[in-house]
Amino acid sequence: MPAWLPPPAVLAHLGLILVVFNMLVLSAAFMVWMERKVCAYIQDRNGPNRVGFEGVLQPFADVIKLLFKEELRPKAADALLFAIAPVISAAAAFAAFAVIPFGTSTTLWGLLDQPIPLQVTDVNVAVLVIFAITSMGIYGIVLAGWSSNSKYSLLGGLRSSAQMISYELSYGLALAAVIMLAGSLSLREIVLNQAGTWWGFIPRWYVFLQPIGFLIFMTAGVAETNRAPFDFPEAEQELVAGYHTEYSSMSFAMFFLAEYVNMVTVSAVATSLFLGGWLGPFLPDWLAWVWFLVKVFLILFFYVWMRWTLPRYRYDQLMEFGWKYLLPVAVLNLLATAALILWIG
Amino acid sequence: MFDTNELVINMGPQHPSTHGVLRVILRLDGERVIGSDVVIGYLHRGVEKLCEHRDWAQIVLITDRMDYVAAASNNLGYVETVEKLMSIEVPRRARYIRTILAELQRIASHCLWLGTHAMDIGAMTVFLYAFRERELVLDLFEEYCGARLTYNAMRVGGLPLDIPPGWDRKVRDFCDILGPKVDEYEQLLTHNRIWLERTRGVGVIPGEDAVAIGLSGPPLRGSGIPRDVRKDEPYAAYAEFDFDIPIGAAGDTYDRYLVRIEEFRQSVRIIRQALDGLPEGPILGKVPRLIKPPAGETYHAIEAPKGELGYFIASDGKSNTPYRFRVRPPSFCNLQALSRLIKGHLVADVVALIGSLDIVLGEVDR
Amino acid sequence: MDVIAFYIFAAIAVVASVLVVGQKNPMHSVMLLITSFGALAGLYVLLDAPFTAVTQIIIYAGAIMVLFLFVVMLLNVPREEPAPPAVSALLGPTGIRIGVILSLLLGAEIVWALSRIGLGWFPQDPAAASVSSVALIGASLFTRHAFAFEATSVLILVAMIGAVVLARREH
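Residue numbers (the numbering used here), protein chains in the order written: chain A, 2 to 346; chain B, 1018 to 1383; chain C, 297 to 467.
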């Protein structure tokens, strides 16, 4: 190896970052295809089936189309904020994935002296980092809504910020219950804590210890990612397209990308916190990430399924649900968990 | 304390859920509607004036273009009015087939309503399901008269065409298909918690108010008034069939939904009876070659899918065009309730309520 | 490396904070304030306090500033009007004088306070200084600083009730 190259561990890390980034982009593309395909089958039609096998390349065709579109900006828009809003959205979506472990460690078949974990970085407050970064993502939406200087966008932005204030709390409390069980804020440790089984066949996943927490987390996750039935900020039939009404071309694509990456992130967090991350039977250690992918995509499928089955809630009903039902349940869940931990030890 | 101005929003004429080119100027406090102006006229083509310059047979074709999702019902209303004016006896077979066509049309129109209404509330899948069944109705119409949307399916005095061989069999098959499909829509919506929360208690209109505003059709029946022209002043062959008029209790969006869902079933019931009792015989009565009604005027109404569709026609007995032609379109009259319904509700309810009134702008603006 | 990072973060924080005051558009002020909070979080990370850094972002940048944005958007203030000349004494020459006196007083107080405690007050032992452990923070919050913690929560409760009373509509 030439001397001017950085040490292999650094190279491996850079490679890992690249892999994670591309994996996210690809899974967003795959999600777009899956969404359209699943929705098509739910709705008794075929869905995209022209570009590539069964239309798998459709998302790429869409991106190419969007790339060649003209970028429009309303005359009265706030140019700077209008331009950075999609960037904030997309950047926050990608950044949150950095602390999520998706497999055990690897030495890349002996290329490295020290095994590196399959995770961009293992922070000891990982759960909070994700929480912080996703809460920054909201600025993309709010700013887009405000800077477009359009009334529908503004309403979308307002809805989005109100929704996020109502849901972040329950989301955080659901996380806190798991953190108490695991006694750690590091996602890797939380996942490792879920190893093993009860009575030989039930995996020690936190979803069985925290069923209510899991439900709260998933519900809040749907609101967090602005998916139906909680897709108010962009509710097409009410607000035209909500916060991204005025966006076109790649800036629109960035919002779109951010939405799907956010879904992947929320599903990955749910997998790590409640479904034992990459842990699973049958597969050797170096293939453990397959389990991770399987679980993440099962949750994603559930999201898609829900979107195409349920009508949309009304915005005030969601607020009411968030504050009057979800939050008290989350608090009680947290208290009960804490009491049980103290009692059992 | 703060200077919070009301937000004025132009909903439409280009908006995903104003069902065409309706424009509603909303004055909002936050997202709550404190006032609204409904602006219509973007699709005005002067249908009524146009009809006064076409001869009596050509007008059928223009009536297609009013409520373009229920063209056969428009045809029916017009030809029956002219028949009344000229006192023409329509053969029984023609009246039966007209009834079948009108009820198929009701199903098609309600399918479109259900699809768009559900989509406005965010249930996308129901939209495609409903359109799937509407497609079957359009196929039946295509087989009957060759057109899928604007049928020109009736003539003064009867029908231009008899049903093609085997068509009645297909209609029966369709009736067998539709029943389970309606159950399927209901499974997705009727007891769905979100659907209930979105529609119950939204846009309540009590019975007296509904009458005072001049509502008709499902919005009126949803408020508990059992008024249906098919029962009250039977036309075509309705007097010979057995069917129920579903009515609601609360007069909210949910009741209007339930009424229309039940009308699917009642329509199927009527179609089945009509097919069973379909008489043989001519399809066109004794009509003079040149239609020229005697001097006089008349009003005749039918129960179109959207409500009471009335035609007022005056003839001077000399020219071969109507002297005065006026339509009482159900969409237009029902739309009058909108401003009143949406007041105090949220933006999300506005689209639900527009959908719940089931308007077609082609008919509103004419 | 640490020193360079410190100066970068510090510079961002100071510049952004100064700009916050100078913006005409309240929306831009809010964004700059968020930037400043982000830089502060960076400083906390440099101080080996990732927990504090993350909480800073979650609470200030994530929650409180969203509320700020919400209010700014609701009020829909496009632009701060330039203050009309000399509306009140506070904005006139007298007001400026009072302001100068107050800031001088504040500066003097800070100098006095810093000279009193001196740099020796800060614990030198890195192990004790590290506040990265969530358990340690929790323990000290609920034991040593229990009173302050509870007092704060009562304060917040009061603010909350006040907000509800203010926001309640008269029907």
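Because the hints were derived from the structure by calculation, they are not lab data. Glycine residues also receive a C-beta, built at the ideal position from the N, C-alpha and C atoms. Keep in mind that the hints are not guaranteed to be accurate.
What the hints assert, rightly or not - Short, incomplete list of chain C residues facing chain A, as computed with Cβ under 10 Å:
#1 I308
#2 A335
#3 L339
#4 L342
#5 L343
#6 T351
#7 A357
#8 G358
#9 L363
#10 V430
#11 L432
#12 A435
#13 L437
The hints, checked one at a time:
A least Cβ separation of about 16 Å between C/I308 and chain A goes past the 10 Å threshold, and the interface hint is therefore violated. At its closest, the beta carbon of C/A335 sits 14 Å from a beta carbon of chain A; the interface hint therefore is violated under the 10 Å criterion. Given hint, C/L339 at the interface with chain A, is violated; its Cβ is 15 Å from that chain's nearest Cβ, farther than 10 Å. Below 10 Å, beta-carbon pairs count as interface contacts, and C/L342 has none with chain A, the closest being about 15 Å; its hint is therefore violated.
Using the Cβ-Cβ criterion of 10 Å, the hint placing C/L343 at the interface with chain A is not satisfied: the shortest such distance is roughly 14 Å. Restraint check, C/T351 versus chain A: the minimum CB separation of about 7 Å is within 10 Å; hint holds. Restraint check, C/A357 versus chain A: the minimum CB separation of about 6 Å is within 10 Å; hint holds. Because the beta carbon of C/G358 sits about 3 Å from the nearest beta carbon in chain A, less than 10 Å, this interface hint is met.
Hint on C/L363 holds. Least Cβ distance to chain A is approximately 7 Å, under the 10 Å limit. For C/V430, the shortest C-beta to C-beta distance to chain A is roughly 6 Å, which falls under 10 Å, so the interface hint holds. A distance limit of 10 Å between C-beta atoms decides the matter here; for C/L432 the minimum to chain A is near 12 Å, and the interface restraint is violated. Using the Cβ-Cβ criterion of 10 Å, the hint placing C/A435 at the interface with chain A is not satisfied: the shortest such distance is roughly 14 Å.
A distance limit of 10 Å between C-beta atoms decides the matter here; for C/L437 the minimum to chain A is near 15 Å, and the interface restraint is violated.
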